[in-house]
Amino acid sequence: MLTDLETRLLGVMMMAIMLGMGASLTFKDFRIAFRKPQGILVGLVCQYGIMPFLGYLLAVLLGLPPALAIGLILMGCMPGGTTSNIFTYFSKGALALSIMMTICSTLVAVVMVPLLLEFYSQLRGLPQEYTVPAGNVAQVLVVLIVPTVIGMLLRKWNPNVGATIELVGGLLGIVVILFLVLTWVPRNHALLATTPFSVYFASIGLGLVGMLLGFALSRLLRQDPRRSRTIALETGIQNGPLAVLIVLLTFQGDMQQQVLLIPVLYSLFIVLTSSAVTVWFRGITTREELARDRAKVPTGAAAQGA
Amino acid sequence: MNDPAPTYDHAPWVAQYGDRIPRDLAAREHLHLPAMLAQAARTHGPRIAFTTCMPNGMHGSLTYAQVDAQADAFAAYLREVVGLAPGARVALQTPNGLAYPVVAFGVLKAGCVLVNTNPLYTPAEMEHQFRDSGAEVLVVVDLFADKLEGLLERTGIRQVVVCEVPQFFSTVPRAVIRGVMRYWNRALPPIRVPHVRLAQALAQGAEAARRGTVDPASYLRDVGPSTLALLQYTGGTTGVSKGAMLTHGNLLANLQQAFSMGASHIEPGREVVLTALPLYHIFAFTFNLLCFYAVGARNVLVPSPRPIQNLQRAFDNYPITWVSGVNTLFNALLNEEWFTAFPPAHLKAAVAGGAALQAAVAQRWERVTGTRIAEGYGLTESSPVVCFNPIGGERRDESIGIPVPGTEVRLVDDAGAPVPLGAPGELVVRGPQVMQGYWNRPDETAKTVRDGWLHTGDVAVMDAQGWFRIVDRKKDMILVSGFNVYPNEVEDTIARLDAVLEVAVIGVPDSKTGEAVRAYVVRQDDRLTEDEVRAHCRRFLTDYKLPRAVEFRTELPKTPIGKILRKDLRAEYLKTRGAPTAA
Numbered sequence: 001m002l003t004d005l006e007t008r009l010l011g012v013m014m015m016a017i018m019l020g021m022g023a024s025l026t027f028k029d030f031r032i033a034f035r036k037p038q039g040i041l042v043g044l045v046c047q048y049g050i051m052p053f054l055g056y057l058l059a060v061l062l063g064l065p066p067a068l069a070i071g072l073i074l075m076g077c078m079p080g081g082t083t084s085n086i087f088t089y090f091s092k093g094a095l096a097l098s099i100m101m102t103i104c105s106t107l108v109a110v111v112m113v114p115l116l117l118e119f120y121s122q123l124r125g126l127p128q129e130y131t132v133p134a135g136n137v138a139q140v141l142v143v144l145i146v147p148t149v150i151g152m153l154l155r156k157w158n159p160n161v162g163a164t165i166e167l168v169g170g171l172l173g174i175v176v177i178l179f180l181v182l183t184w185v186p187r188n189h190a191l192l193a194t195t196p197f198s199v200y201f202a203s204i205g206l207g208l209v210g211m212l213l214g215f216a217l218s219r220l221l222r223q224d225p226r227r228s229r230t231i232a233l234e235t236g237i238q239n240g241p242l243a244v245l246i247v248l249l250t251f252q253g254d255m256q257q258q259v260l261l262i263p264v265l266y267s268l269f270i271v272l273t274s275s276a277v278t279v280w281f282r283g284i285t286t287r288e289e290l291a292r293d294r295a296k297v298p299t300g301a302a303a304q305g306a
Numbered sequence: 001m002n003d004p005a006p007t008y009d010h011a012p013w014v015a016q017y018g019d020r021i022p023r024d025l026a027a028r029e030h031l032h033l034p035a036m037l038a039q040a041a042r043t044h045g046p047r048i049a050f051t052t053c054m055p056n057g058m059h060g061s062l063t064y065a066q067v068d069a070q071a072d073a074f075a076a077y078l079r080e081v082v083g084l085a086p087g088a089r090v091a092l093q094t095p096n097g098l099a100y101p102v103v104a105f106g107v108l109k110a111g112c113v114l115v116n117t118n119p120l121y122t123p124a125e126m127e128h129q130f131r132d133s134g135a136e137v138l139v140v141v142d143l144f145a146d147k148l149e150g151l152l153e154r155t156g157i158r159q160v161v162v163c164e165v166p167q168f169f170s171t172v173p174r175a176v177i178r179g180v181m182r183y184w185n186r187a188l189p190p191i192r193v194p195h196v197r198l199a200q201a202l203a204q205g206a207e208a209a210r211r212g213t214v215d216p217a218s219y220l221r222d223v224g225p226s227t228l229a230l231l232q233y234t235g236g237t238t239g240v241s242k243g244a245m246l247t248h249g250n251l252l253a254n255l256q257q258a259f260s261m262g263a264s265h266i267e268p269g270r271e272v273v274l275t276a277l278p279l280y281h282i283f284a285f286t287f288n289l290l291c292f293y294a295v296g297a298r299n300v301l302v303p304s305p306r307p308i309q310n311l312q313r314a315f316d317n318y319p320i321t322w323v324s325g326v327n328t329l330f331n332a333l334l335n336e337e338w339f340t341a342f343p344p345a346h347l348k349a350a351v352a353g354g355a356a357l358q359a360a361v362a363q364r365w366e367r368v369t370g371t372r373i374a375e376g377y378g379l380t381e382s383s384p385v386v387c388f389n390p391i392g393g394e395r396r397d398e399s400i401g402i403p404v405p406g407t408e409v410r411l412v413d414d415a416g417a418p419v420p421l422g423a424p425g426e427l428v429v430r431g432p433q434v435m436q437g438y439w440n441r442p443d444e445t446a447k448t449v450r451d452g453w454l455h456t457g458d459v460a461v462m463d464a465q466g467w468f469r470i471v472d473r474k475k476d477m478i479l480v481s482g483f484n485v486y487p488n489e490v491e492d493t494i495a496r497l498d499a500v501l502e503v504a505v506i507g508v509p510d511s512k513t514g515e516a517v518r519a520y521v522v523r524q525d526d527r528l529t530e531d532e533v534r535a536h537c538r539r540f541l542t543d544y545k546l547p548r549a550v551e552f553r554t555e556l557p558k559t560p561i562g563k564i565l566r567k568d569l570r571a572e573y574l575k576t577r578g579a580p581t582a583a
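Chains A and B, in that order, are what the protein sequence lines are.
Quick note on this note's numbering: the first sequence kicks off at 1 and runs consecutively.
Quick note on this note's numbering: the second sequence kicks off at 1 and runs consecutively.
Derived from the structure by calculation, the hints contain no laboratory data.
From a predicted model like this one, the values you see are computed outputs, not experimental measurements.
No residue lacks a Cβ here, since even glycine has one placed at the ideal position from N, Cα and C.
Some clues are possibly wrong.
[Stated by the list, open to error] Have a look at the derived ranges for each label pair, beta carbon to beta carbon:
#	chain 1	residue 1	chain 2	residue 2	range
1	B	E408	A	A291	41 to 51 Å
2	A	R292	B	R395	22 to 32 Å
3	B	F342	A	I284	17 to 27 Å
4	A	G49	B	F342	50 to 60 Å
5	A	I145	B	R210	53 to 63 Å
6	A	R124	B	G370	29 to 39 Å
7	A	N136	B	F342	33 to 43 Å
All chains, full assembly: derive it from the sequences and hints.
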């Protein structure tokens, strides 16, 4: 785990990064995201339909003990994390859509998370009382929305300032991701060594399979490939810190430590898997851009839709 | 049949001018380009003249007064510091950026001759152009300055000036852009040839001017309409590169001619024109740079329009009213959601040149933006505008429009006699925009300009109202068993297949039919087969026009502005399939 100071520092860094992300956006980008609002709805379905069920399914299939199962299901029920926006930015995805999805899923979290937790816990005969701290959910929203809007306003005011902030935010994002990736293993090697294989599988699988299913469902619901990749990242990347917080508020003692295991491992591995997926997605987007650059204007029926 | 010459000499197109386009070219307003530049600077001094817009939105701008002052400084540098004589050639090799107008205008103000050089040239092409033009000074962008090594000694260049893409940007954006170029893109090579930075050159020029011994007016004492202003190299699509000699008079006339076709949609001092095409190309040089500078427009310069997202910030941040482009550029924009969802709100008109505009692109553009793309036609040798579709007038798909005021056009046969109305013939043009000739190539000049008529090598047809349509390049015509086949017709037929992205058709030697049609296809869908292409052609074309062979490629050779180079395909075919038996 991170120390308190590091957590605070990360919080500040996150705001700086989101300032940069905001500076890469225009209000038009959001209007484009809203042009196909199905995208946001599809995202919500992925977030609160696929992910909790996937958490539950993995817990059952792997026969996880109750404490770990709670951790996994909880992780599945979380809204999208702010890091998904950073990864979407680097993968050249639809950033405005990603941010809208994070905002919506976080807003809905206050209602949906307790409901879903109750439902799935019931299925597994687990305790059904959870505390979802509304204050912290609000904090997530503030950290996300305020810097983004300030960034957007700055770039509208002066594109030179905007582009500089975007660049600094992007660099900071890379630094933070590298920091998390490079420091986690040495810090947690004892934990990593004692963790059974099934827990690894659950922690890594939740994110990866979530991305896969998110992508498949989006394509099925006729989202274009770039939006689908954005939704995939958004679906797979959950708000890990919020899960940790809920566990700390809900459980005590030894039980707390056990429930925490999967959210903590998930948070570690999602940075690694997302980084890899981002590099891959970025390559695909670049190829698509080049292809579109050369493509013919659609003739006949296809053109009428525009 | 009666003599068809009057068909053309009666200029039926003049009836299409309406009351918005003057029948004749007004008397020349300026003696030379610097006079026009000075007047624009006087009239529009504090207005922003040029803005470079980078893909990330970073930008730098110069006002009319600043451009004028910097150009004066550069003129003084050339004449006083380097010591150039009037008429000396200065090569400029840079993508679009603020350095371009400052250097180009400076060269003209110095009474020297500008030589536009494509920055993507190979060292061999550069050497040919520098030697042929006899350039004494080269202004080159830092991105490509490494190509000069080992090449300068073989040219007459005695001073290299290095400019940069974020030239005249403020400190932080400039540092950021150069930092990214150097450390992320690795695009700034070390420059090992002796050189001076443009900023230093300008400072030296300004210093020389301050000493008071300089009389800038004297630079232009012997400059008049017939003085050479620009050596514009051409021949990319035909043969060895030669310099078209364009005078101050040629360019001033042509900017007036081009302006007259769109004047109804131009408000002096209020226009914002997007320049995504390279200024070293004659279309953007005359149309975007000269024409819009003269009317006090703000010119938004984009260093590179590829990938097309590079234009997004320019459209976001500036109220673009005019855009010039080529078919591929408009096509690419129409494939972008950010463009089609929120088309530029202030756009008044778009103009296309360089290569044929496809009807599908033109129609979709009109549906998306609510404005028309007016297609024009021209050549480097004619500064370039010959024909244009009047802006805001009637639209004719696939027509290059009508001749601009003060221009005579005829369609002639091989003997030089006018062809009857409606028949295809080579387009020849006479007017104030026609070049003086090719630099140091009297033989080539004599072949191309006869009795003042510029032979374009393009085959066209005219209708009774005077609208022209290009059929093909004369040289590309294929003779199959004595029948003429126009590659364009075969290309258009093949391009109608949705699985085809691009196509080029050439004629190759054939022992039975003399020549045979050969098609090169870039597929959009890899499942397309040769038989399908042939079957498709058979439905629309008679036997002798059918491609004998279809070859699939991943790309086709093209000029910098995207014109497909059939001659390269032909040369490649002849090289690999043995020497031709007959030319």
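Status of the hints after comparison with the structure:
no., hint, result
1, E408/B / A291/A: 41 to 51 Å, "holds (45 Å)"
2, R292/A / R395/B: 22 to 32 Å, "holds (27 Å)"
3, F342/B / I284/A: 17 to 27 Å, "holds (25 Å)"
4, G49/A / F342/B: 50 to 60 Å, "violated (32 Å)"
5, I145/A / R210/B: 53 to 63 Å, "holds (55 Å)"
6, R124/A / G370/B: 29 to 39 Å, "violated (59 Å)"
7, N136/A / F342/B: 33 to 43 Å, "holds (37 Å)"
Going through the hint list in order, the structure does not satisfy hints 4 and 6.
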